[in-house]
Amino acid sequence: MNLGIESIYRTYGDYIYRYIYGMVQNKAEAEDLLQDTFVKVMKSDTNEIKNMKSWLITIARNTVYDHWRREKRKRNLNPFIRRKKRDVDLKLDIEREIEKLAPKLKEVIILREINQLNYEEIANILGVEIGTVKSRLSRARRELRISLGEAL
Amino acid sequence: MKCSEIEELLSPYIDGELNRDNIIKVENHVEECKKCKNLLEDLQSIKEMVRGIEIPYPSESIGKRIVDYRRSRNYFLRFIFSTSLLTGLGALLILTLGHPSHLVEEKPKEYYIMKEEKNPYMEILYETEGNYILTNYEGGSL
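Residue numbers (numbering that gives the first Met the number 0), protein chains in the order written: chain A, 0 to 151; chain B, 0 to 141.
Since the hints were derived computationally from the structure, they do not count as laboratory data.
Predicted, not measured: the structure shown is a model, and the values here were computed from it.
Straight-line Cα separation of at most 20 Å, SDA-like style, residue types lysine to any residue; simulated pairs:
(1) B/K46 <-> A/E120
(2) B/K34 <-> A/E142
(3) B/K34 <-> B/E7
(4) A/K52 <-> B/I54
(5) B/K63 <-> A/S6
(6) B/K34 <-> A/S146
(7) B/K63 <-> A/D35
Pulled a few chain B residues facing chain A out of the computed Cβ check, cut under 8 Å:
(8) D41
(9) K46
(10) R69
By construction, the Cβ of each residue, glycine as well, lies at the ideal position given by its N, Cα and C atoms.
Pulled out of the complex, with its shape left as it was, chain A reads as follows:
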């Protein structure tokens, strides 16, 4: 697929932002990571990409995980650095409960419901079996069911 960066951003920018925002739940942080993602895209050869959407999510995912690793390293070196605040005021119960899930469970929920990918696409992005996607989604939903309790 041979597209210029402007065209890729216009077509997929919001879609990729939804994934990143879902993962970090902070607008400023998500925007920085979106920019980092597209800088990486700019440096890549997009001619051979068959599934642009999945490929972009994979780049965004690596960017988010790299960012978390860097943040963790910084916090380990200096315990006084605080975690960035989530946009808590804007959140519904469901958003708060998703935030509490383990990253692997949170991620499948976002990829499935926010990005509306099917199990096969999610499995390809995560590099796992479809069965693993299925079981992670089941587990994530059961945990949400317990934590939401009365709100359901």
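With chain A's structure known, arrange chain B on it following the hints.
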């Protein structure tokens, strides 16, 4: 089929990821089992709640920042490319044409004049044994 087995199928059921046989198994089971029916309804509510989350749009400036970054990178690359191209061409010219005479101070031309033509304003380079002296006086013969 046991409830524990059906429970595992409910999540892929609401995602439309079950085959026909399993869909029938789930639907038959939940008709009979209130506990699994409740679970299915809860999972469907959760799905709707997650899909209903409002995700903000990225600021307009992000698109501009990305395009600007690309442009500045292009200019940088173009600068690097043109600089190396010019340097390369320069090197090639020097190698091909030999000594870059225009880059070093030009040596004054030497002229011969008769000794009697000599005057104090001429810069005398050296004298020959005969009647001639060498000078930068342009009126002489080369």
